[in-house]
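Which chain is which? The protein sequence lines are A and B, in order.
Taken in order, the first sequence gives residues 1 to 219; the numbers are from the working numbering.
Taken in order, the second sequence gives residues 220 to 435; the numbers are from the working numbering.
Read the hints as simulated data drawn from the structure, not as lab findings.
Just so it is clear, the structure is predicted and the values come from calculations on it, not from any experiment.
One thing to keep in mind: the hints can contain errors.
Subject to a maximum C-alpha distance of 27 Å in a straight line, what follows is the list of computed DSS-like cross-link-like pairs (lysine-lysine) [what the hints assert, rightly or not]:
1) B:Lys372 / A:Lys30
2) A:Lys215 / B:Lys372
3) A:Lys216 / B:Lys424
4) B:Lys424 / A:Lys30
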Amino acid sequence: MKYLLIENLAILVCAAAGFLSGIRYLNARKALYASMIEQGVGCIVMARLYQCVLLWTGGSLTDHFQVGSLGVIGAFSFFFSANFGQIDSLVDAGEADFRKYRLIAVLGPLYINSMLIPILLSPASLSFKASCAAVGVLVGAACYFHVKHLLIPDVDYGVVRCLRGYNALALAMSVMSMWELIALSMGSESVLIVSGVGLCAVSLAMVPVMDRGVKKWRT
Amino acid sequence: MENLTVILFLCIAIPMLPAMYMIPDKRSRLFLVYMLLGMVVCLIASEVNSVLLGALGGDMRYVSSNITPITEEVMKALPVLFFALILSDDRDTLTSISFAMGLGFAVLENMVILTGSIAGVTVLWALVRGFGAARMHSACTSLVGKGICYVHKRRKLFYCGTFALLIAAVIAHALFNTLIQSEYRLAAYVVVLAMYMPQLLQMGKKIFSRKQTGQA
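Isolated chain A (complex conformation):
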């Protein structure tokens, strides 16, 4: 319980610092892609804030469904929409040459969704497993584009090349988030510490790295 509270508190502080570093992107005149990533990180801040309060007041993250998981779902739906709606059409118009990149990218969601198996087999409550499955589906969908945009050659605009750093971090966040869910369902402290440290680093660096990429792409 204590580890969990410290982990959530640390991620809250790191995500809030990352969010504040890019707060100017909430302005309506700024790039929509960056604004979506910023709002995704905002969702993580809200989720962690609620989870901290829940643990502080003696609640549990695994007994039932809790609203903090909605924040994670919100965050990954922003990451998915940003890549799918804003960037993907710039680099991939469905050419046959890029088929191999699309196929390799499918490994991302497959890996993420395979991590749901230990969660579903764990002794955690049914409502917790259901919320993990919902998180897993969205993380997987977002993951497809993170992997694809890491690999696909950007021949026309050079946009995706500038955002590879961000996509690598977002991919790391996807994997760490699933590890965290596995750790919670299995009660494994060591996996929780590893995923917690990873999530802290990624949520702190995500917005500044994306910011650098967006600036590079605009100049």
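Once you've looked at the hints, dock chain B against the given chain A.
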């Protein structure tokens, strides 16, 4: 449906109905309509929540901190969303109707809770409910109203943005409900105080700009 809740709703809503025809100003009339809608939503939400409470084994603490924020915030947001999509996405109008929505909801909710625990209520209880829970309801719906105006103008942000606004409102609501039922009750008032901050800052800004124009 709980008889007392319906009776309370009728007692408050019926005297307000003729006022809709008496008020010449369109915006004020709209405010009143949405306040009434807030009460209707409260009536429906109380029924939905009691069904969910039964289905989830009667764990009042869990349901009020994790389930009711979702049902209430979604139900309060729907009429505001309808207004933004069909009628107008004017920022001031959306902010005022969403505030009215939360206000109407809070008024009926306070009345229902008051009649449910009539023996234990005090002036302090009324102040806490008035400044605390009522403010929380209006602030959460206002957040959705203000945000919808922003996301509606950026089409590609609409679905995700609306979902995120609902999440923000649900989590703020859940934070308050979780804290108010815990031993750290005072922290819940800090959350409410934070909800007053935007208005206080706006008031301060207005006073400051008035003073400056007066000096000029």
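For the pair we were handed, Lys216 of chain A and Lys424 of chain B, check the Cα-Cα distance against 27 Å. Distance of about 37 Å is beyond 27 Å: violated.
Pair hint outcome, Lys215 of chain A versus Lys372 of chain B [Cα-Cα no greater than 27 Å]: holds (24 Å)
Given the proposed pairing of Lys424 of chain B with Lys30 of chain A, does the C-alpha separation stay at or below 27 Å? holds (25 Å)
Straight-line Cα separation of Lys372 of chain B and Lys30 of chain A no greater than 27 Å? Holds - the C-alpha atoms of Lys30 of chain A and Lys372 of chain B are around 13 Å apart, at most 27 Å.
In this structure, only the earlier hint numbered 3 is contradicted, and the remaining ones agree with it.
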